[in-house]
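Asker: If you want the building blocks of each chain, they are given just below.
Number of protein chains: 2
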Amino acid sequence: MSRPISAGTLIAVDWGTTRLRALLLDRDGGLVAEAESADGIGTLSGNHEEALERLVADWPKVPAILAGMIGSRQGWREAPYAECPADAAALAQEAIRFTSGQGRDVTIVPGVMLRDPHRDGDVIRGEETQVVGLIDREPRFRGVAIHPGTHSKWIRIADGAIVGFQTYLSGEMFDLLSRTSFLRHSVAEDGRDLSTVADFALGVQRTVAEGLPFLAAIFSVRARQLLDNVAREDNLAYLSGLVIGGEIAAARAASGLSESASVRIVGSPALARAYARALSIIGYPAKMLDGGEMVRLGLVRLARDIGILAVARS
Amino acid sequence: MSRPISAGTLIAVDWGTTRLRALLLDRDGGLVAEAESADGIGTLSGNHEEALERLVADWPKVPAILAGMIGSRQGWREAPYAECPADAAALAQEAIRFTSGQGRDVTIVPGVMLRDPHRDGDVIRGEETQVVGLIDREPRFRGVAIHPGTHSKWIRIADGAIVGFQTYLSGEMFDLLSRTSFLRHSVAEDGRDLSTVADFALGVQRTVAEGLPFLAAIFSVRARQLLDNVAREDNLAYLSGLVIGGEIAAARAASGLSESASVRIVGSPALARAYARALSIIGYPAKMLDGGEMVRLGLVRLARDIGILAVARS
Chain A
1 MSRPISAGTL IAVDWGTTRL RALLLDRDGG LVAEAESADG IGTLSGNHEE ALERLVADWP
61 KVPAILAGMI GSRQGWREAP YAECPADAAA LAQEAIRFTS GQGRDVTIVP GVMLRDPHRD
121 GDVIRGEETQ VVGLIDREPR FRGVAIHPGT HSKWIRIADG AIVGFQTYLS GEMFDLLSRT
181 SFLRHSVAED GRDLSTVADF ALGVQRTVAE GLPFLAAIFS VRARQLLDNV AREDNLAYLS
241 GLVIGGEIAA ARAASGLSES ASVRIVGSPA LARAYARALS IIGYPAKMLD GGEMVRLGLV
301 RLARDIGILA VARS
Chain B
315 MSRPISAGTL IAVDWGTTRL RALLLDRDGG LVAEAESADG IGTLSGNHEE ALERLVADWP
375 KVPAILAGMI GSRQGWREAP YAECPADAAA LAQEAIRFTS GQGRDVTIVP GVMLRDPHRD
435 GDVIRGEETQ VVGLIDREPR FRGVAIHPGT HSKWIRIADG AIVGFQTYLS GEMFDLLSRT
495 SFLRHSVAED GRDLSTVADF ALGVQRTVAE GLPFLAAIFS VRARQLLDNV AREDNLAYLS
555 GLVIGGEIAA ARAASGLSES ASVRIVGSPA LARAYARALS IIGYPAKMLD GGEMVRLGLV
615 RLARDIGILA VARS
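Here the protein sequences come in this chain order: A and B. Letter 199 of the first sequence, counting from 1, is numbered 199 in the working numbering, and no numbers are missing. In the working numbering, each residue's number is its place in the second sequence (first place is 1) plus 314.
Hints are computed from structural coordinates only; laboratory data are not their basis. It is possible that part of the hints are untrue.
Partial list, computed: chain B residues near chain A (C-beta under 7 Å) [what the hints assert, rightly or not]:
id, residue
1, 435
2, 534
3, 582
4, 585
Only a predicted model underlies this, so the values are computations on that prediction, with no experimental measurement involved. Cβ atoms here follow ideal geometry from the backbone N, Cα and C, with glycine treated the same way.
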C-alpha cells in the first residue's frame with residue numbers, strides 16, 4: 001500500500017447521495033491512495049467538478065471514472081440508464097465520457113432501467129457497478145445479489161449480466177417507522193448490533209416463516225410494548241426483523257428468490273451481516289461481499305473495457 | 315332539532331387524540347345539541363375536566379359517557395381494556411364510573427385487547443363503541459367492520475360481539491410515504507378525491523388482484539414518474555391505491571376477509587368511499603356507515619346498559 005502516488009493511473013470514484021469516495025489506482029487496479037468527503041450529490045448544488053478536484057488535489061492528473069448518483073439528473077452530467085438486461089460491455093458502451101473544465105478525462109457509468117409491459121419499471125444507479133465487480137470475480141455466478149440500504153436492491157444475475165431487479169424501501173421504511181411514526185414511542189436504541197438480539201429473529205420468523213404480511217405485522221410493535229412489556233430496546237430489534245423479514249418475504253413472493261438460488265449480499269459489513277442472519281433463519285446460505293471492494297473491481301473492469309486503463313498483464 | 319336544551323339528559327362524548335366532540339341527547343337518544351373543539355388528548359396535559367366543562371358549559375349538568383383515547387393511560391382516567399371476545403354487556407361492565415371534581419357523573423368506556431398465544435396481541439380504543447352502535451342497529455350482523463384511519467382497524471363481529479381484530483398503520487403509512495419519504499418528490503396533491511382517479515384503481519389492482527407485496531410495490535411510485543412520466547397528482551392516487559390495496563391484501567392473507575364475509579365500513583364519508591371503491595374493484599360489496607352516528611348509537615346503548623339513561627320507551 002506504500003506505492004508512490006505517481007504510480008496512480010486511474011481515479012475510481014463512488015459518488016452517492018451522501019458520500020464522495022475516490023480511489024487512486026495503479027495499472028493493475030491496485031490501491032495507491034484513497035480519499036473521502038461528505039460532498040454527496042444531495043448536499044452539492046452544481047459545483048461537482050470543484051468538489052472532486054478539491055478531494056484529489058494531491059494526486060496525478062489521470063482519467064477518472066465515476067459511478068453512482070453523480071450520473072443522475074441531479075448529478076454532474078446525466079448518464080442515461082442502460083436497458084436491462086445489461087452486461088459490463090453494455091454499461092461500458094453507454095457510459096458518457098467528456099473532458100472536464102479543468103481538462104480531466106472523465107467517464108460516468110450509467111444506471112440500469114427495467115421496462116416490463118407486465119409490471120412497473122424500476123431503476124438502479126451505483127449497484128450495477130458493484131455487480132460488474134461481482135461478475136469480474138465470479139464470472140459464472142448465477143443467482144441474486146442483495147444490496148441492502150436505504151433503498152435495497154435485489155439484482156438477478158445470469159450469464160455475466162444483470163437480468164432483472166427489484167427495489168425495496170426497507171432502510172427508509174425502518175427509519176420512518178422507528179423515528180417518525182407513532183411506533184417511535186415503543187422502540188429505543190442501545191447501540192447493540194440489532195441482528196444479534198433474539199427479537200430480531202422473531203420479527204424475521206413472523207414475516208418470512210409464518211407469512212404475516214408486513215402491513216399486518218407492524219402494529220404488533222406497539223402491542224408488544226403495551227400488553228407484554230417488551231423492552232423498547234428489544235422492540236427496535238423486532239422492528240428491524242419485521243422490515244428485513246418483510247423485504248425477504250416480498251422478494252420471495254415476487255419470485256426474486258427461488259429455493260435453490262445462490263445469494264450474495266453486497267454492502268457494509270454490519271448491514272450485510274443482518275441480512276445474512278435473517279436469511280440463515282429461513283435456511284438460505286448467503287455469502288457476504290464488501291460493497292466498497294465490489295465498486296473498485298467494477299470500476300477497474302469498466303475502465304479496461306472502455307480503454308482508459310490498460311488491460312491487465314496476465 | 316330545535317328541542318329545548320333543558321330536554322337533554324345525557325352527554326355522549328367522542329374524545330380522541332385530535333378532537334373532542336360532545337352530543338347532548340334526550341331520553342330517547344335523540345340529538346338536542348352538539349359541540350366540538352380541538353382539545354384532543356394529544357394536545358391537553360391533564361386538564362381534561364376543564365376542557366369538557368368549557369365545551370358543555372351551557373348545557374344541563376347531566377351524566378356524561380365518554381369513549382376514545384380519553385380512557386387511555388394518557389387520558390383523563392385509565393379505563394383498562396376489556397378482553398376479546400367482548401359484547402356490549404362486557405364493555406358496560408368494564409366501564410369506569412366516577413364523580414368528577416365538579417360533581418358530574420362521568421363514565422368512560424374501556425377499549426378492547428386481544429391476547430392470542432399464537433400471534434401478537436392488538437388493541438382498539440374508540441372503535442369498540444362504534445361496533446356497539448353497529449350491533450345495536452344490526453343485531454344479527456356477522457362479518458367485518460373496517461374502521462379506516464390513521465390506524466385502520468378490521469374488526470370481526472359475530473353473535474353481537476367483537477370476536478377478533480387487526481390494526482393496520484395505513485393512514486400513517488400513507489402520510490409518511492407521501493410527505494416524509496423520498497417518494498414525496500414523485501407525488502403532489504391537487505384536491506381531487508383520490509379514489510376517483512384511475513391510478514387509484516391501478517394501485518389496488520397491483521396489490522390486491524395481482525398480489526404484488528406492498529414492500530415490493532411502493533418503489534414503483536418513483537419509477538412511474540421517472541420512466542413513464544406519470545403526473546405527480548395521478549401518482550398520489552396510485553400511492554393511495556397501493557396503501558389501501560396493501561391493507562386489503564394483508565387483511566385477506568391474515569384471514570380477516572373471507573370470500574363470503576359481509577363488510578361494513580365505518581368512518582368519515584370520504585375515507586369510507588375510498589375503501590368501498592377499493593373493495594368494489596375486487597368484487598366485494600361493502601356498506602358504508604357514518605362513524606359519528608355509530609358512536610352516538612353505541613354510547614346510547616352502553617348508557618342504557620349501565621343505567622345512566624332510561625331504557626327506551628317502545
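Asker: Next step is simple, just say for each hint if it's right about the structure.
Answerer: We went through each hint and held it up to the structure:
no., hint, result
1, 435, "holds (4 Å)"
2, 534, "holds (3 Å)"
3, 582, "violated (20 Å)"
4, 585, "violated (17 Å)"
Hint check: violations occur at hints 3, 4; the rest are consistent with the structure.
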